[in-house]
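> Listed below, chain by chain, are the residues.
2 protein chains.
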Amino acid sequence: MIIDCHGHYTTAPAQLGAYREAQKTALAGDPDTVASKGTVRISDDELRESVEGAQLKLQRERGTDVTIFSPRASWMGHHVGNSSTSRAWTEHCNDLIYRLMQLYPANFIGAAQLPQSPGAPIDDCVRELERTVGELGFIGCNLNPDPTGGFFTGPPLGDRYWYPLYEKMCELEVPGMIHVSGACNTPYFQTTGSYYLSADTIAFMQLMQSSVFADFPELKLIIPHGGGAVPYHWGRFRGLADMLKLPPLSEAMMNNVFSDTCVYHQPGIDLLLDVIPLDNILFASEMVGAVRGIDPETGEYFDDTKRYIDNAARLTDAQRAQIFEGNTRRVFARFPANLK
Amino acid sequence: MIIDCHGHYTTAPAQLGAYREAQKTALAGDPDTVASKGTVRISDDELRESVEGAQLKLQRERGTDVTIFSPRASWMGHHVGNSSTSRAWTEHCNDLIYRLMQLYPANFIGAAQLPQSPGAPIDDCVRELERTVGELGFIGCNLNPDPTGGFFTGPPLGDRYWYPLYEKMCELEVPGMIHVSGACNTPYFQTTGSYYLSADTIAFMQLMQSSVFADFPELKLIIPHGGGAVPYHWGRFRGLADMLKLPPLSEAMMNNVFSDTCVYHQPGIDLLLDVIPLDNILFASEMVGAVRGIDPETGEYFDDTKRYIDNAARLTDAQRAQIFEGNTRRVFARFPANLK
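In the order they appear, the protein sequences are chains A and B. Position in the first sequence (first residue = 1) + 33 = my numbering. Position in the second sequence (first residue = 1) + 33 = my numbering.
Be aware that one or more of the hints could be misleading.
Identical copies carry no separate label here, and so any pair may be met within one copy or between two of them.
Stated by the list, open to error - In the EDC-like style, the derived pairs of lysine to aspartate or glutamate whose C-alpha atoms are separated by at most 20 Å in a straight line are:
no.	residue 1	residue 2
1	Lys278	Asp328
2	Lys70	Asp156
3	Lys278	Glu333
4	Lys90	Asp192
5	Lys90	Glu333
6	Lys339	Asp63
7	Lys278	Glu330
8	Lys201	Asp248
These are computed hints drawn from the structure, not numbers from a lab. Just so we're clear, the structure is a prediction, and the values are computed from it rather than from any experiment.
Using the sequences and the hints, build the whole thing.
The structure is reproduced here in structure tokens:
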């Protein structure tokens, strides 16, 4: 079985975007508007149509089986409005994922957006994690390390601010993918290039300098986009651990931090496989996502990452199976055992 | 000849730090203090002593010949005080580099710190570039893409704010290394890990989305630390160029953007050599810098990057010479032809 652990619902029907625009309009009138959840009317047929020509088509074409599926990352927009805005929006986004799981139980398993909001207590996130895991059957969540959308002024990942969420994640045996949303400061950051990759790298360094994994030995976090800049600079990070008198990365991080395979060319994947322990690599493509075109050098889609794993000469079939399935089942402990 | 194009004077005598502390003390009393240059008293013997056991020792041990040498990057601190603070501090830092060039003309060639200051006009930087190149014989400069020290609120590199500086760099035939200083927001960023690598990646993306190289076809910029996250994610950046309807990177960037080799392990260097055109790679180590320890996996210094180039099986000796010397002479057009 081939599990893609990183897919976002980027092709939702227009009603979802319209709901969000209505939120923004209300906030433009009064930034303190307390949002109520309201409704987003989308039929089952519209949901089917939104994925049949997109994620499902690509799953079939590329030969992957199931996607751990979460709301569109660049739309999480935790910086928009206040905590009530984020709560209402997040619940709708997660509810749509749940409905897709009901329609396509063999193709999609949910990972939750969290209703983060800069400066707000973490309690809402804990509650939404309980709801999505307990009531909707989700098996993971996306944790935004910079809910300000590019200003990096909130608490780092080692701060105790996050601890109630980490505690709940451990209790529920749910891993988190560290994933920012769209950048607000777009003349400076570009969302899917520089902002995503910078946030991944920043998150890794914050965790290195923290005591999070000493305090939560069971916590599992995935750094997406192939771990940002970290594997390419693995020597620098190993050397920095030494310079900063931290324990070696192999001891301090490798039970808890994982990288996905969203690296869109063969040499990058080969490097990832070369430096990161095999146990720490989970297959993913992030389709339909940041890069949707065809690589003129190969004639194949940039984000068809299964090809790079298939073509990696250093891997045995057993190792491929570990990346495609075994590691993901281990990290996502709630992945259904009967789904094969 | 082996030219290290990226070295900072990280071992200056204590008087330099004391000067800076005095500046900060004056600013604590009055943030609008207008700094006068004053003096930093350091003898030639003290200068010699500061490099004999450091950069010069490592040059000898590692078999490199000459370093393009600039003031300590993490100390540039453009966010401190006001433009007069930055001007006085920068002139002293550059003057010390000049004195080292006089003492060791075969070992050090200067690259300038610029007196940037958030929100200040770029004119001071143009003047200091003229002074250091015209009067002191420097051949390059360091351009800080985020003089706020981690808040990324200034104009991106494509903004016309920078154009008078780019114009002067082209006129003087002087390349720029894009290099941030120490991060202020240290709970969030760690300077030599996440901040440097993020800034490198952000700079590349800003340049991709700009018309800088259409407007300045002769401008040459070096992205240090192996190009940040870019080579590892070369497929993503090529794909983003396509998604954003930009010209291919090979056309739009490769006449103007270069990467150094400050990547501290063999697999990272191998990837760099694999994806970035040979013409765009300049040898560098950034010794004595961010990572000063010995890699337990190899028994050698992490930042002894010459070893990785020597050991790269894919390179011919002619290609090694191009990385060690030829490309750097081409990019740094003022590199002395008689220094061999």
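> To test your reading of the hints: which numbers does this structure violate?
The structure breaks hints 4, 6; every other hint is satisfied.
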